[in-house]
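Take the sequences, apply the hints, and build the full model.
These protein sequences, in sequence, are chains A and B. Taking the working numbering, the leading residue of the first sequence gets 1, the next gets one more, and so forth. Taking the working numbering, the leading residue of the second sequence gets 1, the next gets one more, and so forth.
Don't take each hint at face value.
Selected chain A positions facing chain B (in silico; Cβ < 8 Å) [claimed, not checked]:
1. A311
2. R312
3. P315
4. T321
5. V326
6. A327
7. W330
8. I334
9. S335
10. K406
11. L407
12. P409
In short, the hints are calculated from the structure, not lab data. Glycine included, every Cβ here is placed at the ideal spot set by N, Cα and C.
Read off the chains here:
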Amino acid sequence: MIRALVYLQVITWWNRLLSQVRRLKRPKYLAGFMVGALYFFLYFIRPISMGGRAGARAHALPPEFVGAGEAFGAALLLLIVAAAWIIPNSRAALSFSEAEAIFLFAAPVRRSTLIHFKLIRSQAGILFTTLLMAFLSNRFGSSGNAWIHLAGWWLILSTLNLHFLGASFARARLFELGIGNSRRRWLGAGVILVVGVVAWWWFEKSMPTLTRPEAGELKGWIRYARRFLEAEPMAIVLAPFRWVIRPYLASSVATFLLALGPAVLLLAVHFIWVFRSDVAFEEASLELAQRRAERLAVLRREPGQMRTGRARPAPFVLRPTGLPAVAFLWKNLISAGALFTGRMWIVLALSFGIPTLLIGLNAERDEIAVLLAMVLIMAFIWSILLGPQLLRQDFRHDIRSTELLKLYPLPGWQVVLGELLAPTAILSAIQWTIITLLIILFSRMPGGFDVAWPERLSVGLAAIFLCPAVNFISLLIPNAGVLLFPAWLQSGPGSPHGIEATGQRLIFLLGQVFVFALALLPAVAFGLGTYFFLNLLLPWLVVVPLAGLSGAVVLGIEVCVGVVLLGRLFERLDASAELRG
Amino acid sequence: MIEVEGLTKLYDRFVAVEGLSFAVRPGEVVGLVGPNGAGKTSTLRCLAGIIPATRGSIRICGHDIAADPVEAKRCLAFFADEPRLFDYLTVDQHLAFTARVYQVANYRELAAPLLAELEMTDKARSLPGELSRGMKQKLAIACGLLHSPRVIFFDEPLTGLDPIGIRRMKDTIRRRAAEGAAILISSHLLHLLEEICSHVLIVQNGRKVVDGTLDEVVRQFAGQAGELNLEEVFFRATAQPAPPPPPPP
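So this is what it looks like as structure tokens:
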């Protein structure tokens, strides 16, 4: 029977590979594949072929950090394993697709065979992760001994995989014995707490404590933590975890072979534990498969929606008449959920606004104000660069509903305008909040000279004018991409995977950066022109907001042109042809 | 109300619909019938303006769907086999959104009896994820009928409905037709079409095989065989061998 299951898996992989190869006949996938392959070659293969050791040396961690690797790695493993016992609340379930669950659970297949199959199948993921981690660690680690790294990663990941499975079976067994989730969690957390407190008390009694000079620097804290982890009783607690991690950290073949014995023994014990567990997982597995299938269906219809959850309040009352584009703003703000509720903004105002105001108005807290201002400036820059990628309540979210959108009696520009309004509004609201806080806080430059209130207001006002237009432009670009190449930018399950998909995304990212820079050029030129011209007539404090406003007007014109053009594109979009493959 | 002349739809080189011409007048219910892959759904999607026709002209309420899509779409409704809904909008929010898109000023007066007719009054605050498939279908119908369309396209309208839902759907179709709507229904349920359709249009491989009133079509294929039902007509028209009758119990 196991042969039939292995056949099922192998043929699934093979067919997937064939369909990916067949896709390369289409130029967009071929172009994507070539760029993706070049990226993988330059990022992973070339550093190795050019001498991974040279690359590794360039990124080598300080010896102190490497020496502490085993202790800290073992502690991390302990935390991961503890989490596997404490956090989950679901029943024991093996992960199958809905079709597999229905076929296999109804077939005359033993439970142990299904576990066997699951373990064999999980090896594919483990081997891939092993390869990836070995590539990365060879690049960033201190040694280029790839085979040791590969075997080390495989042992760690396989042991963890078996432990997670065994822990889920054990949790199910505890549940059958009447120990529910909350009792198990309290018990688990209690054990961890008691062990931690006893170990720390023991350590404090027997070992030198943290000295004052040590407490003043990061390295001192690391040394202290390492002493704690390497001394008894933590050394005993962490011993099995060290066995698992030791082969990976071996510096030579001899030390690797020496470390291999205990690690393999532990792996074998885990295997026997899992294999001999006789827990009914079928019902939970079927439930899991169905939940996953439902989530997949939701994601295929609405990429970005992880779950429907509960009904979300409308951000405002939508009147039945007026500009139809506003209906899309309203709809997409609802889809944004917690990002745009009045309650969230009140909470933010109370938790950040009032303290900021107190700090900003209190001259004695000058240092904190400057530090906070620097953090806010970073947040502002990130919101400009990453905001349009993260907020996707537009065509990127609705592309699967094109059939519905195309049914509406609206000109294309109205649909495009409506789709872009929500992320622009959210992003602009976030940025205006940051600018307001900066006007309050940015009283002094890091260099030392003061920035007066009128100067802050002047620059802040210019930024307030520019933000919505910049956001609109930066959101127009990915949305144009979605309408031009819908199949390129599908997200969620069912979206293209593999090297060609990575290449396609890279091509698109570079294109976005280029178009964004091109779109900003006229606005920058016009804004600077306005600034230099008006500066001859008006004071600087008045000129800056006016220059910002003129730049925003130019961007606004670009936005109008873009919306009209995208509207025409939407009207001509034949989604059935684009999304067929 | 619906005038189609030489409709052709190609996907790359694949011909989904070829030279299809027909008309549906107010009050008529036309059943669109054909084997799988005959081009029924492509036809309906072209008529609803979801996908562009490659060739030919489509006029809805006198408006060319290619030249004046906004006006044409204003008077039509399309119900897909799988209800298309937004997963994060409640039933009420769907209706509010649809009303704004179609500019239905008195939607609150219309929505209440519509929800009552579809037995969804108590589901007003539910999300699609909390509704059964039949309920989702009803919500899609409520949204589609909110602007009182004069042209209605149904693609397999009974999929997922329970017997009560099927009865109500048939009543809704008959009533809308009696009120003067032109209705085109694509379905494989031939007995349903016999019950509610005044006309039938049979297509195969994207081409029209036959159209006319039910009586006309039956007469055309009856020949010497006496009385025929739509199922027999379908097999004769598409030259498919009829399956053998089930063995006696």
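**Request:** Tell me, in ascending order, the numbers of any earlier hints that this structure violates.
**Result:** 3
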